[in-house]
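Peer 1: Protein sequence lines correspond, in order, to chains A and B. Following our numbering, the numbering of the first sequence begins with 1 at its first residue and continues without gaps. Following our numbering, the numbering of the second sequence begins with 1 at its first residue and continues without gaps.
Since the hints were derived computationally from the structure, they do not count as laboratory data. Take these hints with a grain of salt, some might be off.
[Said to hold, decoys possible] Pairs of lysine-lysine residues, derived as DSBU-like cross-links and limited to a Cα-Cα distance of at most 30 Å, are as follows:
{"no.": "1", "chain 1": "B", "residue 1": "Lys197", "chain 2": "B", "residue 2": "Lys102"}
{"no.": "2", "chain 1": "A", "residue 1": "Lys98", "chain 2": "B", "residue 2": "Lys98"}
{"no.": "3", "chain 1": "A", "residue 1": "Lys98", "chain 2": "B", "residue 2": "Lys179"}
{"no.": "4", "chain 1": "B", "residue 1": "Lys113", "chain 2": "A", "residue 2": "Lys217"}
{"no.": "5", "chain 1": "A", "residue 1": "Lys40", "chain 2": "B", "residue 2": "Lys40"}
{"no.": "6", "chain 1": "B", "residue 1": "Lys217", "chain 2": "A", "residue 2": "Lys98"}
{"no.": "7", "chain 1": "A", "residue 1": "Lys42", "chain 2": "B", "residue 2": "Lys113"}
{"no.": "8", "chain 1": "A", "residue 1": "Lys217", "chain 2": "B", "residue 2": "Lys102"}
{"no.": "9", "chain 1": "B", "residue 1": "Lys98", "chain 2": "A", "residue 2": "Lys179"}
{"no.": "10", "chain 1": "A", "residue 1": "Lys42", "chain 2": "B", "residue 2": "Lys179"}
{"no.": "11", "chain 1": "B", "residue 1": "Lys113", "chain 2": "A", "residue 2": "Lys102"}
{"no.": "12", "chain 1": "B", "residue 1": "Lys102", "chain 2": "A", "residue 2": "Lys42"}
{"no.": "13", "chain 1": "A", "residue 1": "Lys102", "chain 2": "A", "residue 2": "Lys113"}
{"no.": "14", "chain 1": "A", "residue 1": "Lys113", "chain 2": "A", "residue 2": "Lys98"}
[Claimed, not checked] Cβ pair distances, simulated, as ranges:
{"no.": "15", "chain 1": "B", "residue 1": "Lys179", "chain 2": "A", "residue 2": "Pro272", "range": "51 to 61 Å"}
{"no.": "16", "chain 1": "B", "residue 1": "Gly159", "chain 2": "A", "residue 2": "Lys185", "range": "47 to 57 Å"}
{"no.": "17", "chain 1": "B", "residue 1": "Gly148", "chain 2": "A", "residue 2": "Pro272", "range": "45 to 55 Å"}
{"no.": "18", "chain 1": "A", "residue 1": "Met248", "chain 2": "B", "residue 2": "Lys179", "range": "50 to 60 Å"}
{"no.": "19", "chain 1": "B", "residue 1": "Gly148", "chain 2": "A", "residue 2": "Thr307", "range": "14 to 24 Å"}
{"no.": "20", "chain 1": "B", "residue 1": "Gly149", "chain 2": "A", "residue 2": "Glu117", "range": "23 to 33 Å"}
{"no.": "21", "chain 1": "B", "residue 1": "Glu103", "chain 2": "A", "residue 2": "Thr276", "range": "50 to 60 Å"}
{"no.": "22", "chain 1": "B", "residue 1": "Gln57", "chain 2": "A", "residue 2": "Gln250", "range": "52 to 62 Å"}
{"no.": "23", "chain 1": "A", "residue 1": "Ser299", "chain 2": "B", "residue 2": "Lys40", "range": "21 to 31 Å"}
{"no.": "24", "chain 1": "A", "residue 1": "Phe239", "chain 2": "B", "residue 2": "Ser99", "range": "30 to 40 Å"}
{"no.": "25", "chain 1": "B", "residue 1": "Gly148", "chain 2": "A", "residue 2": "Lys185", "range": "51 to 61 Å"}
{"no.": "26", "chain 1": "B", "residue 1": "Asn277", "chain 2": "A", "residue 2": "Ile157", "range": "25 to 35 Å"}
[Unchecked claim] Over 10 Å on every C-beta distance to chain A, these chain B residues come out as not near it, computed from the model:
{"no.": "27", "residue": "Val33"}
{"no.": "28", "residue": "Asn35"}
{"no.": "29", "residue": "Gln36"}
{"no.": "30", "residue": "Ile45"}
{"no.": "31", "residue": "Gly53"}
{"no.": "32", "residue": "Glu66"}
{"no.": "33", "residue": "Glu117"}
{"no.": "34", "residue": "Arg176"}
{"no.": "35", "residue": "Lys179"}
{"no.": "36", "residue": "Asp189"}
{"no.": "37", "residue": "Asp196"}
{"no.": "38", "residue": "Gly221"}
{"no.": "39", "residue": "Gly223"}
{"no.": "40", "residue": "Leu282"}
Bear in mind the structure is a predicted one, so any value in this text is a computation, not a measurement. For every residue, glycine included, the Cβ atom is placed at its ideal position computed from N, Cα and C.
2 protein chains.
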Amino acid sequence: MPGEFEIIEWIRSKVASCNAGFVQLGIGDDCSVINQPNDKRKWLITTDMLLDGRHFQLQSGLHSPEQVGRKAMGVNISDIAAMAGTPVAAFVSVALPKSNTKEIAQLLTEGIKAEAEKFDIVLAGGDTNVWDGPLVINITLIGLEPLGGAVLRSGAIPGDCIFVSGPLGGSYPSGRHMKPTPRIKLAQDLKSRLGDKLHAMIDISDGLAGDLRHILKESNGVGANLITNQIPIHPDIQFHVSENTAHMDQEVAIEHALCDGEDFELCFCVAPDSVTNLPNGLFHVGHITTEPGIRLVGSDGVAKPWTRGGFDHIGHD
Amino acid sequence: MPGEFEIIEWIRSKVASCNAGFVQLGIGDDCSVINQPNDKRKWLITTDMLLDGRHFQLQSGLHSPEQVGRKAMGVNISDIAAMAGTPVAAFVSVALPKSNTKEIAQLLTEGIKAEAEKFDIVLAGGDTNVWDGPLVINITLIGLEPLGGAVLRSGAIPGDCIFVSGPLGGSYPSGRHMKPTPRIKLAQDLKSRLGDKLHAMIDISDGLAGDLRHILKESNGVGANLITNQIPIHPDIQFHVSENTAHMDQEVAIEHALCDGEDFELCFCVAPDSVTNLPNGLFHVGHITTEPGIRLVGSDGVAKPWTRGGFDHIGHD
Chain A
1 MPGEFEIIEW IRSKVASCNA GFVQLGIGDD CSVINQPNDK RKWLITTDML LDGRHFQLQS
61 GLHSPEQVGR KAMGVNISDI AAMAGTPVAA FVSVALPKSN TKEIAQLLTE GIKAEAEKFD
121 IVLAGGDTNV WDGPLVINIT LIGLEPLGGA VLRSGAIPGD CIFVSGPLGG SYPSGRHMKP
181 TPRIKLAQDL KSRLGDKLHA MIDISDGLAG DLRHILKESN GVGANLITNQ IPIHPDIQFH
241 VSENTAHMDQ EVAIEHALCD GEDFELCFCV APDSVTNLPN GLFHVGHITT EPGIRLVGSD
301 GVAKPWTRGG FDHIGHD
Chain B
1 MPGEFEIIEW IRSKVASCNA GFVQLGIGDD CSVINQPNDK RKWLITTDML LDGRHFQLQS
61 GLHSPEQVGR KAMGVNISDI AAMAGTPVAA FVSVALPKSN TKEIAQLLTE GIKAEAEKFD
121 IVLAGGDTNV WDGPLVINIT LIGLEPLGGA VLRSGAIPGD CIFVSGPLGG SYPSGRHMKP
181 TPRIKLAQDL KSRLGDKLHA MIDISDGLAG DLRHILKESN GVGANLITNQ IPIHPDIQFH
241 VSENTAHMDQ EVAIEHALCD GEDFELCFCV APDSVTNLPN GLFHVGHITT EPGIRLVGSD
301 GVAKPWTRGG FDHIGHD
């Protein structure tokens, strides 16, 4: 087993100069030093821990360390997207398994780097450990809020139109959950087009039902009507179909779209008079209501309460 | 097993209001939002991951979750102390074991809170998970640099006097490593007394030899002479003495003081003309030299190279 110092040195050598942009001092001291922006924008900070056997399957051989690195960066970037922010610098803590330590460290770093470079994120600090347990990775990502302020979960009001940025469901069985595509550009575009009319936003990690519930709760306990046949269902839900059941009925498909989670699409609420300013390719799935709770509105116009989803899944802040 | 959402809600309910000071928005959205200071001071960011069986012993029953919480905060605060900064807000990720989940979560949170309150630190975000593995905790701590700028590792120059803030060694076998006392006040006092004459500083997590080596490396490859009988030896090194060897000779004691690690005292280098401005109670252990490497100078005045310590221990950035 190579020493931790050796692995840390290797990681450092692979990480581009940290004296870049906002990062005045990166890896190699007790803390990193971050410059202030000139334009009074605030810092956004998010943190996510990913665990082998839980958020990825390394020991079982299903996923590679490189995929794990990409996902760990991706889920954090997705949180910055949910505020319409710009990611800036990442702090990566890892607990590496004792076997194949160096190979895992190298591939993991490659995956982290590849995803970071897509979004011009600097690797600005971290903590590297080796232990008897399975791979654990925690990334803390800082970013800048957009001009005009971050889009919070708490701004939805009755009458708002609810949108999602892409089809939902089947992310886990298809393996799509390992390759999140954080909607940074879309979120920034929405904020710049809509300004204060973009009332609330979240990224869908717990499933649309669960994450919409976060918005409803934080927005003074408003509710939502979702229009069943407007919910975009991802073709990946086919991975839920067993050989014995060639066909999946609509109700089961909707359940997967609402509850599967790890889609990493955006769900957002906009003032109805600003819908015409939206870019193409978005899905208008329902409306915010005064009445609490979530209801599904079928093609018969009847609204039925939907209580599933969003409890005891994955705890993302 | 209680659901993660339930545990997250419980933690939230225990955490004081986050709309305090620099934290505009805390737990409960995709990211936390951090205000900028008015005085152009920069943010310091550090992150440390602690692992059961490695940095603490929870499964074996040696340590309580409350102790783990205190240590996890303490080691991060110590990193802010090493830059003479002021800790501000913490982001706590945990992987909780499946058994006794709620009890562990509660005690862990109590420990984190107790240590945070000592230093007016806000718990501003996090990520809570439950898994099959042992307890893992990662804390990312942000703080503000002192007026005049952070004290880095890289500023030591030949002729500087090297000091440590307390006696060293025996931290692990005595259990003292679970109760770090971050030297925030001392570090701030040093910075305010000495200003730019405080050339370099680090907190001692890898042992004096290992951490001093970090300073030497980052400071253009300078070296150090340590004066053997000036190195303060902690009485806790007695915990290394087995029943068969009632007596520990000086050489072994020095080795423990230099290499044991997890003392969380400060090691710092000051210009010789500013030594008279130092507060009482500090230990002058040696001098920075042009010649690279560390040497121990005995009472006979002979300098012998010291090559042990600081490799393959714990990787703190």
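Peer 1: Taking the hints in turn, state whether each one holds.
Peer 2: Each hint, compared with the structure:
1. B/Lys197 with B/Lys102: violated, 49 Å
2. A/Lys98 with B/Lys98: holds, 23 Å
3. A/Lys98 with B/Lys179: holds, 28 Å
4. B/Lys113 with A/Lys217: Status holds; Cα separation ~26 Å.
5. A/Lys40 with B/Lys40: holds, 11 Å
6. B/Lys217 with A/Lys98: holds, 28 Å
7. A/Lys42 with B/Lys113: Roughly 25 Å between the alpha carbons, so the hint for A/Lys42 and B/Lys113 holds.
8. A/Lys217 with B/Lys102: holds, 24 Å
9. B/Lys98 with A/Lys179: holds, 28 Å
10. A/Lys42 with B/Lys179: violated, 34 Å
11. B/Lys113 with A/Lys102: violated, 36 Å
12. B/Lys102 with A/Lys42: Violated, because 35 Å separates the two Cα atoms, which is more than 30 Å.
13. A/Lys102 with A/Lys113: holds, 16 Å
14. A/Lys113 with A/Lys98: At roughly 23 Å apart (the allowed maximum being 30 Å), A/Lys98 and A/Lys113 satisfy the hint.
15. B/Lys179 with A/Pro272: 51 to 61 Å: With Cβ atoms ~58 Å apart, the hint holds.
16. B/Gly159 with A/Lys185: 47 to 57 Å: Distance hint for B/Gly159, A/Lys185 holds at roughly 54 Å.
17. B/Gly148 with A/Pro272: 45 to 55 Å: Given range 45 to 55 Å: holds, Cβ gap about 53 Å.
18. A/Met248 with B/Lys179: 50 to 60 Å: With Cβ atoms ~57 Å apart, the hint holds.
19. B/Gly148 with A/Thr307: 14 to 24 Å: violated, 57 Å
20. B/Gly149 with A/Glu117: 23 to 33 Å: Since B/Gly149 and A/Glu117 have Cβ atoms about 30 Å apart, the given range 23 to 33 Å holds.
21. B/Glu103 with A/Thr276: 50 to 60 Å: holds, 54 Å
22. B/Gln57 with A/Gln250: 52 to 62 Å: Taking Cβ atoms as reference, B/Gln57 and A/Gln250 lie about 53 Å apart, which means the hint holds.
23. A/Ser299 with B/Lys40: 21 to 31 Å: Because 59 Å falls outside the window, the suggested range is violated.
24. A/Phe239 with B/Ser99: 30 to 40 Å: Hint holds: Cβ distance 32 Å, inside 30 to 40 Å.
25. B/Gly148 with A/Lys185: 51 to 61 Å: For B/Gly148 and A/Lys185 the Cβ distance comes to about 40 Å; the hint is violated.
26. B/Asn277 with A/Ile157: 25 to 35 Å: For B/Asn277 and A/Ile157 the Cβ distance comes to about 60 Å; the hint is violated.
27. Val33: Violated, since 5 Å does not exceed 10 Å.
28. Asn35: Non-interface label on B/Asn35 violated, nearest chain A Cβ at 6 Å vs cutoff 10 Å.
29. Gln36: Violated, since 5 Å does not exceed 10 Å.
30. Ile45: violated, 5 Å
31. Gly53: violated, 6 Å
32. Glu66: Since the minimum Cβ distance to chain A is about 21 Å, B/Glu66 lies beyond 10 Å and the statement holds.
33. Glu117: B/Glu117 is indeed farther than 10 Å from all Cβ atoms of chain A, at 20 Å.
34. Arg176: holds, 20 Å
35. Lys179: Answer for B/Lys179: holds, closest chain A Cβ roughly 20 Å.
36. Asp189: Its Cβ never comes within 10 Å of chain A, the nearest being 18 Å, so this holds.
37. Asp196: Non-interface label stands for B/Asp196: nearest chain A Cβ at 16 Å, farther than 10 Å.
38. Gly221: holds, 14 Å
39. Gly223: B/Gly223 is indeed farther than 10 Å from all Cβ atoms of chain A, at 19 Å.
40. Leu282: holds, 19 Å
Comparing the model with each earlier hint shows violations of hints 1, 10, 11, 12, 19, 23, 25, 26, 27, 28, 29, 30, 31; every other hint is respected.
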